Amino acid sequence: MADQAQFQFAAEFALFLVCVAGLALVVLRSALLTTTRSSRVLLGAGFVALGMAAFLHGSLLAGASAPIALALRAAGLSLLSVGSLSWAAGDGSRRVLWAGVAVGVVTFGLSIAGAGTAAAVTRIVEAGLFGAALVQASRRSVAARFAASAAATLLMVVLVLSVGLSAVLANSVADQAISDLDGRAVREANAIEDPLPRDLIQDSGLVARTFTGLRESSDPASPLVLPALDETGAVTDAQRTAITSLLAGFSNEVFTDVGLAYVSQSGAVVASARLGADVLPAVASSRAVVDTLAGTNGRATVEVATGRPLVLGVSRLAVKRSDGSSRPAGAVVAAVVLDRGYLASRASDDRSLSLALVGRSGTLSSAGSGASRSTVSRLASRVLAGTPGVSATAGGRFVVARPVRASTTPLFALVASRPTTAVDDVRESLYRTFFVIAFGGSILALLLAAIVGDRIGAGLRRLTRSAQAIAEGDLHARAGIHSDDEVGVLGAAFDSMAVSIEDKTEALRQAAADEARLRNRLEAVVAGMGEALIAVDENGVITDFNEAAERLLGVAAADARGRPVGAVVRLHSEEGIDLGARLVGSAETRWSELGVAAGPDGGDVPVAVTSGPLGGSDGEAVGAVLVLRDLRGEREVERMKREFLSRIGHELRTPLTPLLGYAQLLASRDVPPERARDLHRAMAAGAKRLERIVEMLEFFASIQAGRDVLRPEHLDVRPLLADVVTRRAASVNGSATELARPRVARDTPEVVGDRYWLARAVDELLDNSIKFSPDGGRVAVSARRVELAGQVYAEIAVRDAGVGMTQETVDHAFAEWAQGDESDTRAYGGLGLGLPLVQRVVERHGGLVRCDTAPGKGTRLALLLPAAGDDRESGDAQGASPAAAV
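Just so we're aligned, residue 0 is where the sequence shown starts under numbering that gives the first Met the number 0, counting upward by one.
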């Protein structure tokens, strides 16, 4: 509402100043507007009526729909319409004036309808149109033009100052009111948290000590002697009456507004004073009472029990048995119920103050006519969520919420509110004052402007024309005023300034063009860099951040610029030394360092850092340029080289050793024919293994080079699998692994593929299944027809009962050069190219690989090859490769 009032004030103030300017023009230069006396009177009366209506509404003396304001607006619009019939300032300015009248009629209707904001917008448009009409009408007179300029300047200055000051002062009053209200809310919340609980524990302790004293001093037959209570906690009528009388005496004579209750060890309320029957269940079920009866010496706490906010002080009672031992005898409770009566008593010193206690389930108690339920609930929920204090202005009231804590946790919120009438009164007084000041100031300024305008009109006209020409881009325009007075001096200075502007404008254009070309080149170079480039100023704030830096660090350039470099780039050396301090400031020398940066996923990225100083216009260091080169690719290449050399060396030595040894043995000794045949077979096996390794390396080299290595043909899956299983069966004879005959379904379709490499892929799967089935088991090969996403495939599956794999192991196994065991003492050999070869072969055939496995439950690897003749198969069996479904 405050913002709307200020907006309406600005609109009415603008219209008021325009009406004052129009009235001054009618009085001082009426010939510019009309040639008849009657029209002059009508126009003057119209501006007066509209100005008075704007004053009444803007200063909040009358509402927008008040009869007097509506009558003045209607009269003003009518008088201006009739008075402009004999308009002498030209058809253009009259059409603008009539447009302002039309907008004024729309504003009149909106005011009647109560659309305050829309009416304020159209009123600003109305004021602008009237002002434009007056400016156009005053073009024929320097004095009038000067007056119009002064009015426009005054309009802007006074309008901005008035609205700004009114907003500042009103907001200051509002802020002070909210601050006072917040201070009151803090005091009330603190009173509930402390000292009220501390006082109540002292009160309950005093009553408890009184019971103990009575036990020591009273007649053993007295009903107040606690040992007379039954061991079960039963209380006689005489005891209940005596205890109630004692509690009432304390509550009425010793304590003020404090309720007392005696709770037996069984949790029943034996007697009470100043506590209603509806409150006693909440007291008995409170956590403080339950804990005290369970053995705690006593507690002071703020609680919400059965929907009631309570402040409790609980003291434990224990009485001695005849044998000298003690037994629990219940608890004394001092309680204050934070109900409507409590809140009303707290707010009794301020009739405008309303208080409410709001819990997580709703309002617990309230006093006074407070803010709306939605506002109270919204603020309370924020406080209960952990915000220390919140405030708002809604529904004509200031509202503040503060938490009331139990320990450190917000238990419920104390919401205090007061009406905003004080701020509204201040705002209304300000608006009225500003209107009065503006009226007097406007009249005085317009009179002075008209007088001065007559004296300097001639020279100003020439200066104005020259200034307009320069403003329109004609830098060659000159005033050409030659006189000894101030106007002449001004004209000469103006011409000199025009020459200077022309020269400097040309120089600036050239400099801007040169700078633009240089910047474009630099931006192209920086954007095209493969290394991350970061520029910082002398304070270590990032000024430039290229795309490579975005990719390396995972931070957008827009988010990085303007932030300290240490908050964006987290960098340390390979020895763990933080390099953040070296990134800040303007280094005077270049430096380089190998380090580790935090990547976008939080992982470490090895980088080579180079820093150089950034020089200013005088050669001083005004920052630094940092270049970070990502070393992950180089490190990965080095790692792959090491692994490749290690593995290829191991794999080549394994078959070469028997080859060389047996060849030397055969060459140097006479070996029996039977033994020679065994040696020849071993040498042949080693040679085949070497050939297998070389073929595998050639395959991957050809794939990487983009060469075609497949020779597709129509293939029947059944004989292909039978041939592979037969060859592999010879290698498992005598082992614990059983290689079953392949099972091929009758409807298994033919495929188009390379016989050799498909057989090689199946053989690699069999090799893996046999290798990773250390305890033996059955390895089964099968084939069938499957349909996936509307496409027919021939599925070739190899299942084993081996060790199985986790999902992480599966992802790793299909990577090139990957080994299940990367150590030098691994149990299984190989280059780590088996499963990658299978995947590459299948993908080159337009198929995909599926892997179903679990640790300890074996593995099923399936090759899905497009059926021959399917329109959607991969062209020449080497088309687009779908991702392996592993």
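Think of the hints as simulated: they come from the structure by calculation, not from any bench.
Misleading hints may appear alongside valid ones.
Claimed, not checked - Here are the computed distance ranges between Cβ atoms for each label pair:
| hint | residue 1 | residue 2 | range |
| --- | --- | --- | --- |
| 1 | G275 | R197 | 18 to 26 Å |
| 2 | G855 | N296 | 22 to 30 Å |
| 3 | A607 | R520 | 23 to 31 Å |
| 4 | E712 | A675 | 36 to 44 Å |
| 5 | E471 | S591 | 24 to 32 Å |
| 6 | V124 | A492 | 20 to 28 Å |
If you're wondering where the values come from, they're calculated on a predicted model, not measured in any experiment.
We put the CB at the ideal spot given by N, CA and C, even for glycine.
Tested hints:
Separation of G275 from R197 is about 25 Å and conforms to the stated range, judged on CB atoms against 18 to 26 Å. The hint said 22 to 30 Å for the Cβ distance between G855 and N296, and at roughly 58 Å that hint is violated. Judged by the Cβ atoms, the range 23 to 31 Å given for A607 and R520 holds: they are separated by roughly 26 Å. A C-beta distance of roughly 40 Å is found between E712 and A675, which places it inside the suggested range of 36 to 44 Å.
Separation of E471 from S591 is about 56 Å and departs from the stated range, judged on CB atoms against 24 to 32 Å. Take V124 and A492: their Cβ atoms lie about 39 Å apart, and the range 20 to 28 Å is violated.
Comparing the model with each numbered hint stated earlier shows that hints 2, 5 and 6 do not hold.
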